[in-house]
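Based on these hints, arrange chains B and C on the given structure of chain A.
Protein chains in written order, with numbering that gives the first Met the number 0: chain A, 0 to 294; chain B, 0 to 313; chain C, 0 to 341.
Derived from the structure by calculation, the hints contain no laboratory data. Quantities reported herein were computed from a predicted structural model and do not represent experimental measurements. Take these hints with a grain of salt, some might be off.
[As the list claims (entries may be wrong)] Label-pair ranges, simulated between beta-carbon atoms:
#1 A/45 x C/292: 38 to 44 Å
#2 A/208 x C/34: 32 to 38 Å
#3 A/118 x C/144: 51 to 57 Å
#4 B/63 x A/54: 48 to 54 Å
The beta carbon of each residue, even a glycine, is placed where N, CA and C say it ideally should be.
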Amino acid sequence: MSIGASGELADVSGLQDLASGDARRRLNRYLVIGMTIVGLIVFTALVSFIWTPYDPTEVDAEARLLEPSTSHVLGADKFGRDVLSQLMWGARTTLFVGVVAVGVAALIGTPLGILAGMFPRWADELVMRSNDLLLAFPALLLAIMFGAVFGASTLTAMLAIGIATVPAFARIARSGTLQVMSREYVLAARAAGRPRFAIARRHVLPNIAPLLIVQSSVAFGIAVLAEAALSFLGFGTRPPNPSWGRMLQESQELLHSAPLLSVWPGLAIALAVLGFNLLGDGLRDHFDPRLDDRR
Amino acid sequence: MLPALLRRTAVFLASVVVASVLVFGFMAVLPGDPAEVALGVNASPEAVAEVRAEFGTDRSKPVQYADWAGGLSVGDFGVSYVTQESVGTQINERMQVTLILVLAAMIVSLAIALPLGTIAAARHKKASGVALSAASQVGAAVPAFLAGILLVAVFSVQLGWFPSSGWTPPDEGFGDFLRQLILPAISLGVVEGAVLTRYVRSAVLEVLREDFLRTARAKGLTPNQALVWHGLRNAAIPVITVLGLQLSTLLIGAVVIERVYVIPGLGSLLLDGVSNRDLLLVQGVVMVLVVAVLIVNYLVDVLYVVIDPRLRRS
Amino acid sequence: MNANTHASADSGVDAAQGALAEPVLAVEGLGIRSGDLRLVSDVGFSLGAGERVGIIGESGSGKSLTALATMGLLPDGLTASGSVRLAGVEQELLSAGERQLARIRGHRASMVFQEPMTALNPLMRVGDQVAEVMLRHDTRPDKRGAADAAVDLLGRVRLSDPTAAAKAYPHQLSGGQRQRVMLAIALANDPSVLICDEPTTALDVTVQAQMLDLILEGVAARRSALLFITHDLAVVAQVCERVIVLYGGRVVEAGPVWDVFTNPRHRYLEGLLAASDLEHGSADGRLSTIRGAVPGAGQFPAGCVFRNRCDHATERCESLPPWAGAPQHGFACWHPAGGERA
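Here chain A stands alone, though its shape is the one from the complex (with noise of 0.2 Å):
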């Protein structure tokens, strides 16, 4: 112990964390409710693979617009298709279309990103540009232009909404990365000649890895709700396929005569991208405490 020196110093913002200690408590509650929305919805979906109430492209005059009932758990839609089933599968259409999209902006906005902050001089630049310019081409816009050129699909919206998120990941990956490689122990790497890409590998990827996870769940969310807006569209999944959106826009002349119907498409939609929303708040909170009051 020495004098004079000015080893760590009464650190006031520390004694600030142990104040706020039970926030700490309430962060998890975020990521427990987060994780329970999105596993009910994971469940639903493979629960969809084995088993639904009933066929869910399946018509029947007899049952056309039925309240909720024994026999309809939450009743059936102007064809006679029962609306849980219908929720069931869409609920697969829902996850499919996020992984993939948030699949394709991770894959490819990550290693920009990456490339961006290892090679200030000239990637950055054309990097951060580059996603300025793909930022004006929003999700829909661009699934809307796929959708012309190439025929509106569930395949369409995935690709586009993946591509108008890669400037989030890149992003991300960018910032996460030039904090990184500033560090200390990078710095003697690259002292002692160590590749750029071999530091990637084992400094730069582990460490903004719960980034990239944070962004996934929120991006996840995005994608949700830009797929519903796009099969409300009719931009998005074609019919018979099941999708919530799509459900929404044919419950929506049915106002007068069934509002009911809008309500479950609706609210599946809503609590599926809060579940995300929520989950990646609780990871970031996870991740990093000290962030505790960013959320």
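For chains B and C alone, kept in the frame of chain A given last:
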């Protein structure tokens, strides 16, 4: 300040040019010949060739691009191959509608987010702050069109207070115009307001932990005074970024809302154009939307340079 | 015997008188808790007009918290008990309302913090930030007067070209310059107490000496009391007349600087001073240290807070040693250096 501004202007102009290339190039992939589509399957090759020359689609793609882009820079969007109407005129009419809708929605969302986000941050450890934060989480998860449908279900179908569709220009009946504007503006505005609230809250929270806030209190300012005089201006910086981003979300959200409420705006024009395979129309509308976003981002950048003295060199 | 090498002949007399006259700042039985954790216990001291008192301690000793508590600036979640009184203010400060405290801060009592780089608002001109503290407390007739006074104050903290400095933004100034601005702000309204929490720790060594001079000049010109918090024994010896030694959130020794530093009684202070003596190590030629490490917050042992690191601890030390000596000159130790307690 000037070099910084010039640089950003140059980037903006370059982006517009690149965007136009991207849009044109993408739509050029569209299969099918507009001349054939216009004349029908049974047209003779000569007739098709004639029409092609008329449309200008017999020229090479780069030349067509130059022609189109050149036209754009003077505001000429060309004449539709399908409807024979001026694309520019249609866009102009519809754009006013969409702009009004987006503006109204933005006012709603700001009116919600700025006060609520600040309160949520200032009281973030108390029950009211936590409740606000939770409410904004839920609000942000609701898609705008869902909000639209629900609002129609309640206020139009059930209560009959507002119409469920339609649009009257303000000069043709201000009362009707307002009545038809309210539900769509709220559908779009409230949802975006919830999203914006979360950003405002987080920006203000960031600022609350800053040392200079503590200095302000040590000078004798009350916590509220410190927040308003020192905090908000600094929190404005991240909020302005988000506002810029929000605009592109609002523009696209308007596309969907126009479908819900049957409003004749740019969104419906775009969707109609796609259904009709009206190439020039779609190109034109997409460019307008994209350039609108680019302009807003450019303005945000400029605003930064003006507000934050640290950015004024280079 | 006046051993204050930096004090003028006058202040020696003043110090004695200050102790007798009504103190400007009186702290008694101050305790600070975070939930169940006790961070500071039973801290007491007082400052007379123009007195310069230092609080010495390492991180975890509670010195910064003590300072923050006197200004009512403790972070959320920490509560303070005991008594803090300021001369001329009837209300007990620890229970005063926010509005009353806001009237006192920056006016009767001011504080300079440790980190100058983040202490100023990056979007406001420096002169405006200095003027603000005067306008807030109405100590200048109008905006023009405050602006002029700001330039004057910046000159008095020896910023070259104070007019330009006033128009500048914080990012255009160095750390040392920004800290001088903070000092100007703190002294603008002639406070009766100036509290400095490690004001030179974040500065370059070459700039530190100048900053200390400015502080001494500033408080002398205004006859303000100075409460100087630091971990640096050398600085305390230079700047202060009296010193209070904190360890584990408790006052373990206090008294005039010269007395306390040449004849430490508490074993902790003895160890501190021995460790800073680079010439005389222990028998085997190594530098002397205090064994062990400072425990984490709230984890200090019951009874004497130092006993788990003290070579002279006995069973007796399991109970809290009482204060021996006068309130401002004494120690709390069962087995002090220099023989058993009188």
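The hints, checked one at a time:
Separation of residue 45 of chain A from residue 292 of chain C is about 53 Å and departs from the stated range, judged on CB atoms against 38 to 44 Å. The hinted window of 32 to 38 Å between residue 208 of chain A and residue 34 of chain C holds, with their beta carbons roughly 34 Å apart. Evaluation of the 51 to 57 Å hint for residue 118 of chain A and residue 144 of chain C yields a pass: the beta carbon distance comes to about 55 Å. For residue 63 of chain B paired with residue 54 of chain A, a C-beta distance near 49 Å keeps the hint of 48 to 54 Å intact.
Of the hints listed earlier, the one the structure fails to meet is number 1.
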